[in-house]
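Going down the list, the protein sequences come from chains P and S.
So the first sequence is residues 1 to 271, counted in my numbering.
So the second sequence is residues 1 to 226, counted in my numbering.
Keep in mind that the hints are not guaranteed to be accurate.
Derived lysine-lysine pairs resembling DSS-like cross-links, with alpha carbons at most 30 Å apart [stated by the list, open to error]:
| # | chain 1 | residue 1 | chain 2 | residue 2 |
| --- | --- | --- | --- | --- |
| 1 | S | Lys129 | S | Lys51 |
| 2 | S | Lys162 | P | Lys14 |
| 3 | P | Lys60 | P | Lys47 |
| 4 | S | Lys208 | S | Lys173 |
| 5 | S | Lys150 | P | Lys14 |
| 6 | P | Lys14 | S | Lys175 |
| 7 | S | Lys48 | P | Lys14 |
| 8 | S | Lys163 | P | Lys23 |
| 9 | S | Lys168 | P | Lys14 |
| 10 | S | Lys113 | S | Lys163 |
| 11 | P | Lys23 | S | Lys162 |
| 12 | P | Lys60 | P | Lys254 |
| 13 | P | Lys265 | P | Lys60 |
| 14 | S | Lys121 | P | Lys23 |
| 15 | S | Lys51 | S | Lys142 |
| 16 | P | Lys23 | S | Lys224 |
| 17 | P | Lys66 | P | Lys243 |
| 18 | S | Lys177 | S | Lys129 |
| 19 | P | Lys14 | S | Lys30 |
| 20 | S | Lys173 | P | Lys60 |
| 21 | S | Lys224 | S | Lys163 |
| 22 | S | Lys173 | P | Lys14 |
| 23 | S | Lys142 | S | Lys175 |
| 24 | S | Lys113 | P | Lys14 |
| 25 | P | Lys14 | P | Lys125 |
| 26 | P | Lys23 | S | Lys142 |
| 27 | P | Lys60 | P | Lys14 |
| 28 | P | Lys14 | S | Lys121 |
| 29 | P | Lys60 | S | Lys177 |
| 30 | P | Lys23 | S | Lys48 |
| 31 | P | Lys235 | P | Lys254 |
| 32 | S | Lys150 | P | Lys60 |
| 33 | S | Lys39 | S | Lys173 |
| 34 | P | Lys23 | S | Lys175 |
Listed next, with one range per pair, are the computed distances between beta-carbon atoms [said to hold, decoys possible]:
| # | chain 1 | residue 1 | chain 2 | residue 2 | range |
| --- | --- | --- | --- | --- | --- |
| 35 | S | Ile72 | P | Ile129 | 31 to 41 Å |
| 36 | S | Ser110 | P | Lys265 | 33 to 43 Å |
| 37 | P | Gly201 | S | Leu140 | 49 to 59 Å |
| 38 | S | Met217 | P | Leu89 | 44 to 54 Å |
| 39 | P | Lys248 | S | Pro191 | 26 to 36 Å |
In case anyone wonders, no lab produced these hints; they're calculated from the structure.
The beta-carbon is built from N, C-alpha and C at its ideal position, and this holds for glycine as well.
Below are the chains, spelled out letter by letter.
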Amino acid sequence: MSIKKSPIIENLRKMQMIELLSKERRLDGRSLTDFRPINIKVGVIQKSNGSAEVSVGNTKAVAGVKIETGTPFPDTPDQGLLVVNAEFLPFSSALIEPGPPDEDAIEVSRVVDRGIRESQMIDLKSLVIEPGKLVYCVFVDISILNMDGNIFDAAFLAAVSALLTTTFDKKIAKEDGSFEVQKCRLPTRCIPISITSITIGDAILVDPTEEEESVQDSRLTLTFNDQGFLCAGQKGGSTGISKEQLFKIVEISKAKAEELRSLVKKVIENA
Amino acid sequence: MYMVLVRTRVLPGDLLHDSYTGIAPPNTYKLGNKLFSLKVGLVEIDGKDVKLIPLAGPYIPRVNDFVIGKIIDFDAFSWDVDINSIYTAHLPAQDVFGREFSSQTHSLTSQFKVGDMLAAKIIAFDRTKDPVLTVREHGLGKIVHGEPIKLSPSKIPRLIGKKGSMAKIIETKTKTKLIIGQNGIIVVQGPSEGIVLAARAIHLIEEKAHMPSLTNMINELLTKEV
Chain P
1 MSIKKSPIIE NLRKMQMIEL LSKERRLDGR SLTDFRPINI KVGVIQKSNG
51 SAEVSVGNTK AVAGVKIETG TPFPDTPDQG LLVVNAEFLP FSSALIEPGP
101 PDEDAIEVSR VVDRGIRESQ MIDLKSLVIE PGKLVYCVFV DISILNMDGN
151 IFDAAFLAAV SALLTTTFDK KIAKEDGSFE VQKCRLPTRC IPISITSITI
201 GDAILVDPTE EEESVQDSRL TLTFNDQGFL CAGQKGGSTG ISKEQLFKIV
251 EISKAKAEEL RSLVKKVIEN A
Chain S
1 MYMVLVRTRV LPGDLLHDSY TGIAPPNTYK LGNKLFSLKV GLVEIDGKDV
51 KLIPLAGPYI PRVNDFVIGK IIDFDAFSWD VDINSIYTAH LPAQDVFGRE
101 FSSQTHSLTS QFKVGDMLAA KIIAFDRTKD PVLTVREHGL GKIVHGEPIK
151 LSPSKIPRLI GKKGSMAKII ETKTKTKLII GQNGIIVVQG PSEGIVLAAR
201 AIHLIEEKAH MPSLTNMINE LLTKEV
C-alpha cells in the first residue's frame, strides 16, 4: 500500500550536507562507509513459519515467511516456488498515501527476490513433493514499518533472517503412498547480503538516510553471496556511474557485506 | 480550593481547582466552576493564579509570533509555508513585492523557491483562517546560511532561558548565532564545529527540559568540549 511523495528538504540542510561531504563527513556524524546501528530480532510473528524484524537506524522492516503447498510453474516442474512481496505501510512515513503497491514498493520486492534467487540461497529443487504436480511455495512478505532511507537493505536483511530461521512441516512420501509429516528447517545454502550505496557528486555514501537519498545522483544496490561473489544488482537514480566509481562501490560493498553477514550469523546462532 | 500541588505533573482531564472564579487560563478548561487540565504539563500556582506549562504538544500559531518556516509550495499569489504546525501558513506575494504586485510581471520563484527557509511573523490567525505571515520587518526574510534544528515547541522557553540567558550561553560558548522560532525551529549559524556543538546542547535541552539544573548541565557540556 503506497503512493510516495518526495520529501522537501530544506535547501540550507542540503548545502550543509554537501559542505560536510567535502570533508568526508555526514550530517549524523557517521563516516561515508558506516552503517547506522542494525538491530535484528527473529521469531517476532508467532503464526508464520519464520519471521524477523530489522531496524537500520530509524528504518524498520518486518518480514514473515509462510510455506504452503501448490503446483509448480510449467517451465520449472522440478523446483519449488519463491514469491517475495513488499509493502510500505501508510504509517511508515508522513509521505505515504494508502493504495496498492507503487513502483517503489515493487522495486523493493523485485530487488529482494532477485538477491535471494540469484545467490541460490534456497535449494528450490529440494522443495518438490511430486515433480510437476505438488511443490512447496515459499512466500516472503515484507512490510516497511518506518522509513528513513535505505529500505532495500533493511528489507533484504529482514527477508534473509526470516528465511534462515524458517521451519516447516515437510511431507515425506512412504512406500505405501501415504505421507509422513516431519518438522524441518528450510534448506538454505548461503547468507546473501545486499548493500546499498548512493553517489552525491564524487562522494560514495553507504546506507543513506532519507535526507541523503533526496539529494542523490545515483543509487546502487549490490548483493553478495558467502564467497564474496557479486550475484545481483540494481541501479537507481537519474545519473550514471563512472567506471572508477563503480569499482570503488563494489569494493566497499563487498567489505560491508562481510561485516553484515557476521552480524546475521551471530543473531541466527543465538536464536 | 486547589486539588493539586505546585509543580505536579497533570494529564488532560485532571481536576485542578474545584471552585475557580474567572476565565480559564491557557491550556485549561472550565466545567461549571471546576477547572481541568487540557494538556500534559506541570502546574504552577501563584496565589490565586494557576498556570499550566505544557510538556509536549504541537505548535499552535499565535498572532505576533516569530516563526521559522520552509517554503513547500506556491501558486500565482502566495507561497505555502510549513511552520511545523498542524496549520500550513501563507505568505502573500503582495507582502514581498509590494502593492504593485502583478502575477504577470513578477515571478514568485525569484524571491523564494521550494525548500528555502525564512524568518517571518504571524500577522493573522483565527479559527476561520490559516496563519498569514509577513516578512516586512527588520530581521525577517530569507535565511541564506546555517543549519535548521528542530526542538519541541513547548521547550523553546527553556532554550531561551530567563531574559535570554540560556541562548546567550550557547551562542558565546560555541561562537554561533541562534535564530529561534517560536514554532520549534532553530537555525544555527556559524563555524561548522560550533554548529555541531550547539546542536548537541539543543538536543540535551530536548531530553532534560524539565530538570531544574539545566543551565549548569549545558554550561558543563560546553565548557568540557571547548
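Against the structure, the hints come out as follows:
no. : hint                            : in the structure
1   : S:Lys129 x S:Lys51              : holds, 28 Å
2   : S:Lys162 x P:Lys14              : violated, 34 Å
3   : P:Lys60 x P:Lys47               : holds, 20 Å
4   : S:Lys208 x S:Lys173             : holds, 20 Å
5   : S:Lys150 x P:Lys14              : holds, 16 Å
6   : P:Lys14 x S:Lys175              : holds, 22 Å
7   : S:Lys48 x P:Lys14               : violated, 51 Å
8   : S:Lys163 x P:Lys23              : violated, 38 Å
9   : S:Lys168 x P:Lys14              : holds, 27 Å
10  : S:Lys113 x S:Lys163             : violated, 35 Å
11  : P:Lys23 x S:Lys162              : violated, 38 Å
12  : P:Lys60 x P:Lys254              : holds, 23 Å
13  : P:Lys265 x P:Lys60              : holds, 20 Å
14  : S:Lys121 x P:Lys23              : violated, 36 Å
15  : S:Lys51 x S:Lys142              : violated, 36 Å
16  : P:Lys23 x S:Lys224              : holds, 24 Å
17  : P:Lys66 x P:Lys243              : violated, 41 Å
18  : S:Lys177 x S:Lys129             : violated, 33 Å
19  : P:Lys14 x S:Lys30               : violated, 47 Å
20  : S:Lys173 x P:Lys60              : violated, 38 Å
21  : S:Lys224 x S:Lys163             : holds, 25 Å
22  : S:Lys173 x P:Lys14              : holds, 26 Å
23  : S:Lys142 x S:Lys175             : holds, 22 Å
24  : S:Lys113 x P:Lys14              : holds, 14 Å
25  : P:Lys14 x P:Lys125              : violated, 50 Å
26  : P:Lys23 x S:Lys142              : holds, 27 Å
27  : P:Lys60 x P:Lys14               : holds, 24 Å
28  : P:Lys14 x S:Lys121              : holds, 25 Å
29  : P:Lys60 x S:Lys177              : violated, 36 Å
30  : P:Lys23 x S:Lys48               : violated, 58 Å
31  : P:Lys235 x P:Lys254             : holds, 16 Å
32  : S:Lys150 x P:Lys60              : holds, 22 Å
33  : S:Lys39 x S:Lys173              : violated, 35 Å
34  : P:Lys23 x S:Lys175              : holds, 21 Å
35  : S:Ile72 x P:Ile129: 31 to 41 Å  : violated, 56 Å
36  : S:Ser110 x P:Lys265: 33 to 43 Å : violated, 57 Å
37  : P:Gly201 x S:Leu140: 49 to 59 Å : violated, 34 Å
38  : S:Met217 x P:Leu89: 44 to 54 Å  : violated, 38 Å
39  : P:Lys248 x S:Pro191: 26 to 36 Å : holds, 31 Å
Checked against the numbered hints listed earlier, the structure breaks hints 2, 7, 8, 10, 11, 14, 15, 17, 18, 19, 20, 25, 29, 30, 33, 35, 36, 37, 38; every other hint is satisfied.
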